[in-house]
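The primary structure of each chain is shown beneath.
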Amino acid sequence: MRQTRVLLADDHTLIRAGLRLVVDQEPEFTVVGEAADGRQAVALAQQLKPDIVVMDVGMPGLNGIEACRQIRENLPDTQVVMLSMHSDEGYVLRALKAGARAYLLKDSAEADLARAIRAASEGKSFFSPAVGKVLLEDYMRKLERTGAEDSYELLSPREREILQLVAEGKSSKEIAHLLNLSVHTVETHRARVMQKLNLRGIPELTLYAVRKGIIS
Amino acid sequence: MSPEKSNLPAADDEWPSPRLRWVLLGAFLGLLALIFVSGAAATRTLREMHQQEQDARRALAERAQMLSSLSISIEVYNEDIGRYVGYPPEKSDPQVRQQLDRLTENIESQLNSYPGRRQREESDFLEAIQELYRRHLQLYRSALAASVAPQARSQILTMRTELLDWSGRLNAWNGRQLHSSDEALLSEFSRLQANLTGSLSIALGAGLLLVIASMAYILRLERQTRNRYRELAQSRHELERLSSRLVDAQEEERRSISRELHDEVGQSLGALLVDLGRLSTNLPADSAEIRERIDRMKSLAERTVGTVRDIALLLRPSMLDDLGLVAALEWQGREVSRRSQMEVAVESANVSGDLPDEYKICVYRLVQEALNNAVRHARARNAKVRVAGGANGIEIEVSDDGQGFDPQRSRGLGILGMEERVKRLGGSLAVRSAPGQGTVLKAELPLPVIAGTPA
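Chain order of the listed sequences is Z and A.
Residue numbering for the first sequence follows the working numbering, starting at 2 and increasing by one per position.
Residue numbering for the second sequence follows the working numbering, starting at 12 and increasing by one per position.
Derived contacts from chain Z toward chain A, CB cut-off under 10 Å, selection only:
(1) His13
(2) Met60
(3) Ser85
(4) Lys107
None of these hints come from the bench; they were simulated from the model.
Predicted model, so just to flag it, every value in this text is computed and none were measured.
Where a beta carbon is used, it is the ideal one built from N, C-alpha and C, also for glycine.
Assemble the whole structure, with the sequences as input and the hints as a guide.
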């Protein structure tokens, strides 16, 4: 079985050591390198071409989000699992926009890291449960206080289905195959969902899905 | 010797004593009095001189009139007596005799009515005339009583000439008197002139001295005022520098404590958590008690991580460094929304991604303070943060629908602190509010001129 090659990037040695232990526990994962800052992470990724980069958001020099963007630009096959202390939407959305597949809170990194790496290596999204909770709470509170209508109610069952699949990271072709529809129909549904929810781009759609608890 | 020690007391010594002021005032009053007194004296002297001159003229006119009528009387009398004496008594006209008697009375009354106030010389003249006249009268009376001897006749004629001569002398004396009184007046006048000139030059000299002294005094005051002003401006400038350094120092301190917390405490706790987690998963299935303990330790460590993170974020929001100003403001808005009853909306447009750190922190703290005020003091339900970048700088507006306040009356330390931060970067801050009308806080920050030099 081909092993999933993992690059760890965190500016703290203790954290890197802890992460390494967790990754090494899984037989199908292997740590191929460690980087202590964003620049080094980009350079090492370029050199080692790992399957997964586990990246801390806050690093000196080049921060994790910027490093993620550069890695994803140069190496489309390398997926990034973002590690952060913050469950705030600002971080999550920016990480998604930079091309990260998974977003983990450091508090629960130990428990969820293996699952996150596995999901990302399969091209799926993964979020720490706490992140989804915070985003959902923010969203609900805003709806409640501003009295706005929940746009989710506007979607048809088929549209909800497609929303979930898109948010999980599936392509239109895969969705068409899964639901036994034409690619064109899937694309049309997808466009209508975006329009109804007033979203721009896949990251916002993913965030929305996390917020609504559709995926985690 | 330190400059601080030598400067301050010297400045106080230099301050003019109030005595000098009183001396100057006294001198001014004295000068005024001097001018007044000499003016009054001159006026009085002039009036006296005028009076004197008039008196002299009147006296002279009186005497001259007297003398001329006396001369005329004597002349007529002499004429008549000559005619009368020249004829024998039987041929003499009784009318002429009557006229002679009348003339005699006239002359006597005229002599008696000569002004009583006389000088000695004048009296001598008059006495001589009276004496002569008396003799003349005697002679004439005897001549009337008997036939006149030829020698008596010539005697009368001689006396007549003499009488006229004396009266002429008296007249001449009177003229001289007028001249001498004129001379006296003239000398009086020149004395007055001298007096006036003297007192005027004294007044002028004293005035000049006084002006010089006053100018010196004013110049000194001016110099001292200028020095004071300079000192004041300098100390204000220093105060501003100090307060800006304080703000800098505070931010620096916060940043280093936050980093310390995050890097040391946070990371150690994080590593601890990972280890604890690994420990509990690797535990044999039957050691439930140890697993439970490890789980308790884990949750304690998690709570501590959360607390440390909150403190670190409060001190220095890492979003500013990780994600930039806009993301940090959005995060702050959500944080406030989460923790309070106020919903915050954040809007931003054209905000540059690479603002200098002091600008980011200034805007961030400004918004933080404004939102804090809106929650705590205004009890607002909604707040809106708007940040827009323009060609000249950044505009920040924070508005809420809270209770509002009167910005003229109450200006809390919070607003002062914001003003301080904004002013430091050359910006301006305006607060518009009224009780019951919410609050709008507007700030403008001019952008630093970045010409290839990193700020």
